[in-house]
Amino acid sequence: MSSDDQKPVPVSPADAPAAEPASETTGETGASLPALERSVMGSVGVALMGAGLRSARPLQKIVLGSVGAGLAAMAATGRNPLATALKIRQTGDGEVLVSDGVTIGKPAQGLYAVWRDLPNLPNLMRHLQSVEVIDERRSRWTVKAPTGTVSWEAEITADEPGRRLAWQSLPGAAIENHGEVLFRPAPGNRGTEVVVRLAYRPPAGSVGAVVARVVGEEPSQQLRDDLTRFKREQELGFAPTTEGQSSGRAAGGQA
Amino acid sequence: MKAIIWQGTNKVGVETVPDPTLLLPTDVIVKITSTAICGSDLHLLDGVIPSMEKGDILGHEFMGEIVEVGRDVKKLKAGDRVIVPFNIACGLCDPCQRGLFSACDNSNPNHRMAEALYGASGGGLFGYSHMYGGYAGGQAQFVRVPFADINAHRIETDLRDEQVLFLTDIFPTGYQAAEQCGIQPGRDVVAVFGAGPVGQFAARSALMLGAAHVIVVDRVPERLAMAEAAGCQTINYEQEDALVALREATGGRGPDHVIDAVGMEAHGHGPGALVDTAKQRLRLSFDRITALRWALLSCAKGGTVSLPGVYGGLIDKVPMGAAFAKGLTFRMGQTHTHRYVAPLLSRIESGEIDPSFVITHRAALDDAPELYRTFRDKHDGCIKVVLNPWA
Numbered sequence: 000m001s002s003d004d005q006k007p008v009p010v011s012p013a014d015a016p017a018a019e020p021a022s023e024t025t026g027e028t029g030a031s032l033p034a035l036e037r038s039v040m041g042s043v044g045v046a047l048m049g050a051g052l053r054s055a056r057p058l059q060k061i062v063l064g065s066v067g068a069g070l071a072a073m074a075a076t077g078r079n080p081l082a083t084a085l086k087i088r089q090t091g092d093g094e095v096l097v098s099d100g101v102t103i104g105k106p107a108q109g110l111y112a113v114w115r116d117l118p119n120l121p122n123l124m125r126h127l128q129s130v131e132v133i134d135e136r137r138s139r140w141t142v143k144a145p146t147g148t149v150s151w152e153a154e155i156t157a158d159e160p161g162r163r164l165a166w167q168s169l170p171g172a173a174i175e176n177h178g179e180v181l182f183r184p185a186p187g188n189r190g191t192e193v194v195v196r197l198a199y200r201p202p203a204g205s206v207g208a209v210v211a212r213v214v215g216e217e218p219s220q221q222l223r224d225d226l227t228r229f230k231r232e233q234e235l236g237f238a239p240t241t242e243g244q245s246s247g248r249a250a251g252g253q254a
Numbered sequence: 000m001k002a003i004i005w006q007g008t009n010k011v012g013v014e015t016v017p018d019p020t021l022l023l024p025t026d027v028i029v030k031i032t033s034t035a036i037c038g039s040d041l042h043l044l045d046g047v048i049p050s051m052e053k054g055d056i057l058g059h060e061f062m063g064e065i066v067e068v069g070r071d072v073k074k075l076k077a078g079d080r081v082i083v084p085f086n087i088a089c090g091l092c093d094p095c096q097r098g099l100f101s102a103c104d105n106s107n108p109n110h111r112m113a114e115a116l117y118g119a120s121g122g123g124l125f126g127y128s129h130m131y132g133g134y135a136g137g138q139a140q141f142v143r144v145p146f147a148d149i150n151a152h153r154i155e156t157d158l159r160d161e162q163v164l165f166l167t168d169i170f171p172t173g174y175q176a177a178e179q180c181g182i183q184p185g186r187d188v189v190a191v192f193g194a195g196p197v198g199q200f201a202a203r204s205a206l207m208l209g210a211a212h213v214i215v216v217d218r219v220p221e222r223l224a225m226a227e228a229a230g231c232q233t234i235n236y237e238q239e240d241a242l243v244a245l246r247e248a249t250g251g252r253g254p255d256h257v258i259d260a261v262g263m264e265a266h267g268h269g270p271g272a273l274v275d276t277a278k279q280r281l282r283l284s285f286d287r288i289t290a291l292r293w294a295l296l297s298c299a300k301g302g303t304v305s306l307p308g309v310y311g312g313l314i315d316k317v318p319m320g321a322a323f324a325k326g327l328t329f330r331m332g333q334t335h336t337h338r339y340v341a342p343l344l345s346r347i348e349s350g351e352i353d354p355s356f357v358i359t360h361r362a363a364l365d366d367a368p369e370l371y372r373t374f375r376d377k378h379d380g381c382i383k384v385v386l387n388p389w390a
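Protein sequence lines correspond, in order, to chains H and Y.
Counting from 0, one number per residue, gives the positions in the first sequence under numbering that gives the first Met the number 0.
Counting from 0, one number per residue, gives the positions in the second sequence under numbering that gives the first Met the number 0.
No lab work stands behind these hints, which were simulated from the structure alone.
Beta carbons: idealized from backbone N, C-alpha and C, even for Gly.
One thing to keep in mind: the hints can contain errors.
When the alpha-carbon atoms are kept at most 27 Å apart in a straight line, the in silico DSSO-like pairs for lysine-lysine are as follows [unchecked claim]:
#1 Y:Lys10 <-> Y:Lys30
#2 Y:Lys53 <-> Y:Lys1
#3 Y:Lys74 <-> Y:Lys30
#4 Y:Lys73 <-> H:Lys105
#5 Y:Lys300 <-> H:Lys105
#6 Y:Lys30 <-> Y:Lys53
Which chain H residues stay away from chain Y? Per the calculated CB distances, all over 12 Å, these [said to hold, decoys possible]:
#7 Leu58
#8 Thr146
#9 Val149
#10 Leu169
Use the sequences and the hints to build the structure in full.
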């Protein structure tokens, strides 16, 4: 539980990464729509409203009219109310932001070393299938997706041993993304605060982000699970489990 | 083995299930010699604690003999006689290191569930819903004990099971409730709402900690009589207005500290209690809070309201204005049982208290389903049930 071997690093706003990818990942709360999504939504909304008004069936009139009006309003205000309600954070540019943190009773240097070992990252972040190192800065990331796997190249944009690691996808990536991991001493000798900030452009805009959240494939929950698993691996060396325990349920009853 | 199984709301049964096995190298298996039904098990019976699943093994107050030891267990060996408190703690995380064992960061495999409901996950508990880890409980013939070096405490004296069994929950729970009031010996008056097992231990603990006077409020005559036997004043709230009686008993000041040993299923009476019951049935609210309301309204200015009674969800119509105006302090939470085992065991060894006073029913595991109802309905003078899994 000691962090004696760490140099004290003041935790202040100035300490928050000011460099490139980070300044974007500290972005706003809420969900604003990117321009393209807004214009598509606006046209579809107006078209639906028109169809609704022309319709002879009263029910159709109401349903089409209100869905159309809703879409048009989203386009006009530039906000996706569903995404806002689900607390999905987006930049004005349409990137989804995900961040979380965990405090681990271990020194920063060792925790940093685990993250810096890129091929090991799939053990920390379970949605990753593999990370292959290409050279000192570049690597190839592969994730499992409903359609198979998606893969892209990324480069390390900042590497401050024991303090911070940042990366971003290279141009042409299927899912454009960038992110960083910060390691900072927790006050009161409680070890290290590990903070992860990710930004990515969901394949289907804010609608895609809402769908992903609703079906539970959402990175913010994945990130929280990943960080909890990392903490337990570091503090305990294993994950607590009840898997295979006795119970009165069918599976347990057959053992 | 035989085990008591949660089969749904109001359904508890005895079933034959597989014997537990070691799942991790830090586990032990305990052959249970005594196990109890806790008042908080009644919240499970009544279906007011979320995330129970049919087939769950109940029970979180138990003790026995170690019969199997994982290879990474260091302090325990087969044949050791142990008590196993209800908190499952890893012993390594920051909360555990500070003695806040019920706030363990690492022992709950279902942290996600608790985080969704409460924003943060507490430690695992035996036999107490999946939100608290989904660990199989100890109303059974055997149990698996995770992180055994921390969670199983060896008993090396020849004290009977009945004298040490309640170190697993109700004695530390009552004691912590009194301790966190910060009683000034010889000066402070403490009121305890609820004369069930936890209330009994809270009242006796308040006396042990030097309270000038302890007043116990309930409506069940035999429970009030048990509190009187310990030297407490009692108030039957069905016969008199509890708030008026407490003012009278304290010269108008109100008790310096109030312990709510009732929790989320208060009976109470009057329109407020009826509305609470209706809302709880309709799932508009989890908790019925008559005891909490009375605690806040009766407590003296600058006093402490300590809540060993379990709350599960959302409450409303809380007299927050009263709490604010009087500058009350709230203390609450699952008990950090492990830190009380040694000091309370020495009080038992010295003869200062014999916790077996609270037992009214001794039976076989097979009788548990019936005794759950007897205990809940407060029939047959039932205050505390101890079960022998091998009878």
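Status of the hints after comparison with the structure:
1. Y:Lys10 <-> Y:Lys30: 25 Å, holds
2. Y:Lys53 <-> Y:Lys1: Given pair Lys53 of chain Y, Lys1 of chain Y holds - Cα atoms ~16 Å apart, limit 27 Å.
3. Y:Lys74 <-> Y:Lys30: Answer holds: Lys74 of chain Y to Lys30 of chain Y is near 18 Å, not above 27 Å.
4. Y:Lys73 <-> H:Lys105: 23 Å, holds
5. Y:Lys300 <-> H:Lys105: At roughly 44 Å apart (the allowed maximum being 27 Å), Lys105 of chain H and Lys300 of chain Y break the hint.
6. Y:Lys30 <-> Y:Lys53: 24 Å, holds
7. Leu58: Holds: least Cβ distance 32 Å, greater than 12 Å.
8. Thr146: Holds, since 26 Å exceeds 12 Å.
9. Val149: Given that every Cβ of chain Y is farther than 12 Å from that of Val149 of chain H, nearest at about 25 Å, it holds.
10. Leu169: About 33 Å separates Leu169 of chain H from the closest Cβ of chain Y, which puts it past 12 Å; holds.
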